[in-house]
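Required output: the full structure, derived from the provided sequences and hints.
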Amino acid sequence: MKNSETPKKVIGKIHSIESFGTVDGPGIRFVLFMQGCEFRCLYCHNPDTQNLDGAAYELTPEEAFSRMKKYKNFYKDGGVTVSGGEPLLQPTFLREFLKLCRKAGMHTAIDTAGAYLSEGVKAVLEETDLVLLDIKCIDSDIHQSLTGKPLEPTLVFAEYLAQKGIPVWIRYVLVPGLTDREDLIEKHADFIAGLQNVELVEILPFHKLGTAKYEKLGRKYPLKDTPTPSPEQVQRAKEIYLSRGLKVK
Amino acid sequence: MKCWDGFKGSLWKTEVNVRDFIQENYTPYYGDESFLADATEATKTLSDKVGELIKEEADKGGVLDVDTSMASTIKSHLPGYIDKPLEKIVGLQTDKPLKRAIFPRSGISQLEKALEKYGYHLDEGIKNTYTNHRKTHNEGVLSVYTPDIRNACDAGIITGLPDNYGRGRHIGDYRRIALYGLDYILSEKEGEFKLLEPGEMTDETIRMREELSEQIQALHDFREMCLSYGYDVSKPACNAQEAIQYVYFSILAAAKQHDGVTISLGRTSTFLDIYIERDLKMNRITEEEAQELIDHFVMKLRIFRFLRSPDYNELFSGDPTWITESIGGFGVDGRLMVTKNSYRYLHTLYNLGVGPEPNLTILWSERLPENWKKYCSRVSVETSAIQYENDDLMRPEFGDDYAISGCVGALEIGKSTQHFGARVNLPKTLLYAINGGRDEITGKQVTPPFAPITSEYLDYDEVMERFGAVQKWLVGIYVQAVNIIHYMHDKYAYESLQMALHDLNIKRYQTFGIAGLSIVVDSLMAIKNAKVRVIRNLEGIATDFEITGTYVPFGNSNDETDQMAVKLTRDFYREISTHKMYRNSKPTMSILTITSNIVYGKMTGATPCGRQAFTPFSPGVNPMNGRDCNGAVASLASVRDIPYTCARDGISYTFAITPAALGKLQEERQSNLAQLLDGYFTPNGGQHLNVNVFDRSLLEDAMEHPEKYPQLTIRVSGYAVNFTKLTREQQLDVISRTINEAK
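Residue numbers (the working numbering), protein chains in the order written: chain A, 901 to 1149; chain B, 58 to 800.
The reader is advised that the hints may include incorrect statements.
What the hints assert, rightly or not - Below, simulated DSS-like cross-link-like pairs (lysine-lysine); rule was C-alpha separation at most 27 Å, straight line: (1) B:LYS643 / A:LYS1147; (2) B:LYS431 / A:LYS970; (3) B:LYS431 / A:LYS972; (4) A:LYS1149 / B:LYS112.
Hints in this document: simulated from the structure, not taken from any laboratory.
Dropping the structure here:
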C-alpha cells in the first residue's frame, strides 16, 4: 500500500508497547506509550517519554492497530489504552487508532493530564470510552511548580468530559512533601465530587522505580531523596475521597 | 456386587474401561472453594514430622539415608510408616520415610557415582550380580552404540538420553486395581497371555508373551506388597479410603520397581471423587475426612525419592520426581470434568504447605467455570506451584482420559506410552554448520567433515543450507540412539508393573526434543536482517560474532521472526519423521529443557544472536532472557504460533510476572491471570504454561537466606521445584530470566 500518491500519512510517535497492561484501565490492555510530553512533573517516572524526538516506533494508526489485533482475544474484559508521554499531543493519530479499535469492538481509554482541548482533541474524545485523568494538584501555584504547566486547562478539560458524560477515572499521585497536604487533597476531592462522570479515584503512591531511567538519561532525579508515602498516609488520602461518596482504589 | 453399589453404567463392568466408569458416574462441580476443609490434627502432626525429616535430609546434603543392602523390587522392603496410627493412607518406598532404595538394573556405574556422592558404597554382592551375571540397561546400550552416537553425546550436541537411568514416562492406569480389584486385572492379563498361545512364535509374539509373564508376576508381587501393609486388594475398593489407598499402592509399587525419571500419577482426582461423593452421600465420611484422605495421599507422594547421580542432577535439578497429576478439563461430550476433588487436590498446597510435588497440572479451557478459573489463578498467584495445559488443544487428539506424562506431553492413560528421548542442542547444531562440523569448544571433528564457512560475514542462504545438512546427520544419529535405548530398556529394565496396568496393545510414541530454539531463531534472524561478522580463532573456528544493525528477536510477536520459529520446528520434526522407530512408534517432539538449559549453555560457544559463550539458554520454548520487550501477551503470541502438530510432546513456556504487573488488587490479579490463560489457550493456541508470580527481590532474598524460605516453590521448564534446592548457578539463571514488570 506504500503508494507515493497517498496523502501524507499519519504517523504516531511511540515510545513503547505493552501488550499486557494491567494498571491502566480495567482488565488486560494493550497500552501504547506515546513519545513526548510538555509537562515536566518532578516525580515523572517515565522521563524517557518526555522528549518528542527519539520514538522507538513510528507507526501509522493501521500498523498500530494490526499489532493490537493479533492479541485481541487476550483483551476480552480489557481493551486498549493510549498513555505516554502525553497522548493528546498526537490527536490525529490517536483519533484514527482509537476509531479502528472501537470499530473492532474494543474498549478504548486514554491516560492524560488533560491540558489540551482543541477541536482535534475533542474528536479524539468522541472515540474514547474512558479517560484516565491525572489532576496533579488542585492548587494553581503548586501545579505550576510541580509540572511546569498551569492547572486551569486541566480543569476545563475535566468539565468538558463531565458535560459530555465521558466516564473518567481520576488518578492522583501522592508525593510526600508535594501533593500530600490534606487541605489540598480535600479541595481536590471536592472538585472531583462535583463531576458526575467520575467512576473511580486511583491513589498512586509515589515510587522511585524511575530513578534508573534518569541515570540513563544523564539527568538528576529531583525527588531522589523523597520518601514513599506510608500505608497510613495513603489510607487517609483514600478516606478523603471515600467520605465524598467516591469509589476509590 | 457391594463394592459397586450405586455406580451406574454397564460397559465398564464387562471390560477394563475406567473412562467409561468415570463418564457414567462423576459429578461436575461448578461451585467455589468455600466447602473445603482445613487440615486435621493428624494431618498437621504428620506434616510436621515430614517437615522435620525433610529438613534433616537437606542438612545431610540432600539424601537422608540409602538402603544399599538390596536392589529395590515391588516386595523388597518391609512396610514403613511415618506415624502408623495417624496415617489414613499407608505405604513407603522402603521401610523408613525418605530412605532411598537402589535400582541397579538401570546401570551400575551411575549407581556407584550416586552412592559415592553421598558417602555410601555399593554392596559387593549386588555389584557382582549386575556386573558378572546380569546385564544392565546401560551396559546393553553401550554395547551397541555407534562411534557417531558416542561422539555426539560426548560433544553435548545430544544430551540427557536415558541410557544410564530409568526412562520413566509410562503412566500405569493406577485406577484399575481400585475399580476392579487385583483378581480381575490378573485374570485379564492371564487371558491375554493365553490369547498368544496358538500360531507362529515370532519374535514379536515371544516378546509379548515374555512381557505378559513379567506383568503377571508383578501383579502377584503387588498382592504381597499390599498384604504386608494389611490390605487384601483382591476385590474392588469399597469406599473412598480403599480407592485412594489402592491407587496409591499402585503408583508406589511402580516406584519400587524402577527409578524412571518421571512417575506421573495420571488423572485421578475426578475418578476418586466418585468414591468420595458416594461416601459423603451415605454419610460414611465428612468433608474433613475426605480432605484428610487426599492430604495423606499427597503427603506420601511428596516424599517419593530416588537416588540420582551428580550429572543427572545437573539436568534434572532439585530432586524432582514428576508425579504429574492432570486436573479438570472437559469430556468429549462437553461436560465439565472438574469435581470437588479437583479443588481438594489444589487445597493440599494450603493444608500441607506449598511444595513442588505432585506436579499439579490444570487442563485449561476458556469454557471452564469462573469459580474454578478464579481458584486456580489464586493458587498460582499465591504459590507459583502449578502448571497449565490447553485441554481444548489436546482433547481432540487424545480424548478425555489423557494425562500429562512427566513434564508437558499428553498420553491416553493405559492405552499408550512414550519412549522418552531427551533432546538435542540446536544452537550447537548451527555452530557446527558454520564450523564444518567441528566442535567450537574442543575443535574436534564431530560430524563427517565438510567445508566450513569462511566468509567474514555470514550469508543466510549458505548458513541455512549447511544447517539443514548437519541437522539431517544429527537426526539420523539421534533416532538411532533412541531406538537402541528403548530396545535395551525393554530388555533389561522392563517396567512390568506399570505395563500390567496398560492394555495389551498400546500405542507408542517416541519423543524427541530440541533445546535452544529461540537462540537459533534469533541467530538466523540476525544473519538475515542484520550483519553478523565472524570472529575466528587460529584454527579457523568461529568463536564469537559481531552484530551490526538490528533484528527483531523471538518473543515480540514479529511475523517474520515467528515464522522462523515455526519453520525450524517443522523442519526438525519432518527430519525425524523420515526415520524408522523402535516398535513402530509414532515420532513426536517436545520443545522443553528441564534445567538442562544451563548445562547446554555451558557446553555451547557464542552464538550469532549475540549470546555469549557458556551462558544459559532460555528454558523450553521461551524467548531468550530479556529479549522479549513488548510485554507478556506479545511473548505468548509468538510462542502460540509454534505448531502443536509438530510438537505434540509439548511446547513448554515458563512465564514469570511480578504481583504488581499482574494487577493492583488480589481480585484483579486473579481475573487478569485467568484472562491471560483464556487468551493463550484458544483451541489452536498455546499448549503449556508455567506460571510464576514473584518479585525478583524475593528470589534474591531467598538466595541469601534460604532458611527463611523452606517452601518457596517456583516453576521451571516442565516441573516445579523448591527454589532453595537449586544450585546457586541455577538460582542465578532463574533470576536473570524475563520477569514481566509493571511499566
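Unmet hints by their number, sorted upward, for this structure = Violated hints (numbers, rising): 1 and 4; every other hint is consistent with the structure.
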